[in-house]
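Visitor: This is what each chain is made of:
There are 4 protein chains.
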Amino acid sequence: MASTRTPDPDSGWLSDEELAQVRRRLPILYVEAVPVRVDGQGVVTEVGALLRVNPAGSITRTLVSGRVMYGETLRDALYRHLEKDLGPMAFPQLPASPVPFSVAEYFPFPSPTRFDDDRQHAVALAFVVPVTGTCDPRQDALELTWLTPEEAASDRVSNEMEGGRGALLRTALASVGVLP
Amino acid sequence: MASTRTPDPDSGWLSDEELAQVRRRLPILYVEAVPVRVDGQGVVTEVGALLRVNPAGSITRTLVSGRVMYGETLRDALYRHLEKDLGPMAFPQLPASPVPFSVAEYFPFPSPTRFDDDRQHAVALAFVVPVTGTCDPRQDALELTWLTPEEAASDRVSNEMEGGRGALLRTALASVGVLP
Amino acid sequence: MASTRTPDPDSGWLSDEELAQVRRRLPILYVEAVPVRVDGQGVVTEVGALLRVNPAGSITRTLVSGRVMYGETLRDALYRHLEKDLGPMAFPQLPASPVPFSVAEYFPFPSPTRFDDDRQHAVALAFVVPVTGTCDPRQDALELTWLTPEEAASDRVSNEMEGGRGALLRTALASVGVLP
Amino acid sequence: MASTRTPDPDSGWLSDEELAQVRRRLPILYVEAVPVRVDGQGVVTEVGALLRVNPAGSITRTLVSGRVMYGETLRDALYRHLEKDLGPMAFPQLPASPVPFSVAEYFPFPSPTRFDDDRQHAVALAFVVPVTGTCDPRQDALELTWLTPEEAASDRVSNEMEGGRGALLRTALASVGVLP
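Protein chains in written order, with this note's numbering: chain A, 1 to 180; chain B, 1 to 180; chain C, 1 to 180; chain D, 1 to 180.
These are calculated hints, taken from the structure and not from any lab test. All clues stand as given, with none of them false.
Okay, the calculated beta carbon distance ranges per label pair:
hint, chain 1, residue 1, chain 2, residue 2, range
1, C, D155, A, P55, 51 to 59 Å
2, C, D155, D, S15, 49 to 57 Å
3, B, G57, D, F109, 41 to 49 Å
4, C, T45, B, D136, 43 to 51 Å
Over 10 Å on every C-beta distance to chain A, these chain C residues come out as not near it, computed from the model:
hint, residue
5, V38
6, D39
7, G40
8, V43
9, V53
10, P55
11, A56
12, T60
13, P88
14, F91
15, D117
16, E143
17, S154
18, S158
19, E160
20, P180
The beta-carbon is built from N, C-alpha and C at its ideal position, and this holds for glycine as well.
Chain A with its partners taken away, still in its complex shape:
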């Protein structure tokens, strides 16, 4: 149908071209999630990282991450991206607090922060999210790997994380009291 190709200008959905333009004009709001396993007392025992093939063909690690759409609450966006990246049976437990453990600012030019993204200026609110079910990544993610806090904080894993997210992953570990 033609109408699906001509989105309502008020719809909140952007064509690829429009999105490309906006990405050079405005900071884009993202949510990111660090999936974790916790024990019966809430202590984080494992941390999930996604393995995927980046556009250059090499394998890298990343976190659950995605845009917040027009009209969407942060919780809806978090939930949607967790389901997209971990599958429908992950049963994420979104935190009661709306305050992120950190805010990551990604820049497409030499970055004044620890984070970069050559596509855009993105600002990501990052959350630690316990998952209790079975994770079955879809889409472009190849695999979800569970790491111990020690592995997740290691230089090796940190260097494999896209866009400087190794620092974000370590900050997540610190926020839940398990950074070595």
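Put chains B, C and D on the given structure of chain A with help from the hints.
Guide: Below, chains B, C and D alone, put in the same frame as chain A:
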């Protein structure tokens, strides 16, 4: 047995007399918990407060609260007091983060803070704890009442809370983004 | 000059028309600040609110607030809006932590949150910022009023705040331990 | 004078012997501070660590740390220990928020946490504190060293920190967004 009346001086357990003495010498470490119900996206929908008869015979409201024992982790103490006050089927979900939403300082003399306790100088680390099961208060608590965030923040409820905990309860609501 | 009317499409600056379009398509990232006075021990003693005439002609209260521009860090945006709203001699002390005390989500339609904004879907990272100098509001702000924590938390002040920001102001008080 | 040897039992001060006894019976409340230098926008540029000779004669690093006394607020305790360890001209800026960036639990036996202290079970509320003046350590501290965030997070510095405080120092860096 005599031995139960003569506790090992290194045991970490204090007789009533010893505890009374220490309470005039040292700040005593407490944990407090605000039990909450959350919806499928983690939004707090109800807040629990305990109704009980205070030593003066009047009915007041309070939070889950208790001392941290020698050798006990904060999580163990939280879990123990949640079970004591809410029963064994409450299934509390302790937060992944060890950082309290606030720290309440109670003083036995005209208090420089919003909180008072005529027995002691106590410092309480306060946490919001989602519970998913059935709460069945034991001991001196008469009843657990579930309140909406609006009710919990009201002046009426605030005035019924012991030791100034109305301010702590409102601070809990603020920390999870539902303070009116 | 013609050049000021024909902004570089990659410049990160949007014409009024473009901004109006984008505001119906994407959540817009804001920073907000609650200016405070602190005593020698860091305790918040006064809270600043801006009085201004809103487009409808009535007088309302608001917080320091503004958009994050393309390529701008959150700290740069905070600093710029604090200077715009409080003048160049306010000497704000930006917090060391990049984590906001709360995140406010404003929606232009019946809002699932406590906050609304009929112009746009905006997501604001909110910070408490001690100021040590002299505040001299410029632009559309008429006056900066200093309130005690009790006044700032009152229903009267809360009802005068734009877009539901009374709840945000109370949450700010809670985050610094002075909510009544 | 005899009176100095017979402290008022209600005084809140403990003799060395009494303190030694209490330390085997109750968790002892501490405050800890990570002194930092910040730039004009609040970004942490340097982190202070104290070099000192430990009882075994070797040189180790530690943080500003000390007990909270009976009747003392956390802010008073923080201020007192900062002055004791950094001298009277350090001009520390205590944070407006009473919430610590982390809570460190030290145990005298094989510890269930990352932290240990062979004297006692101590629970420390830890804060990042910008200092704007000149630091001149007194008492048993030999020297205050300013480190870059990268140095402070390094394995070398971490291994020199007493009681596992390397993890606490890294957590402090994470809380202010400068953990590498």
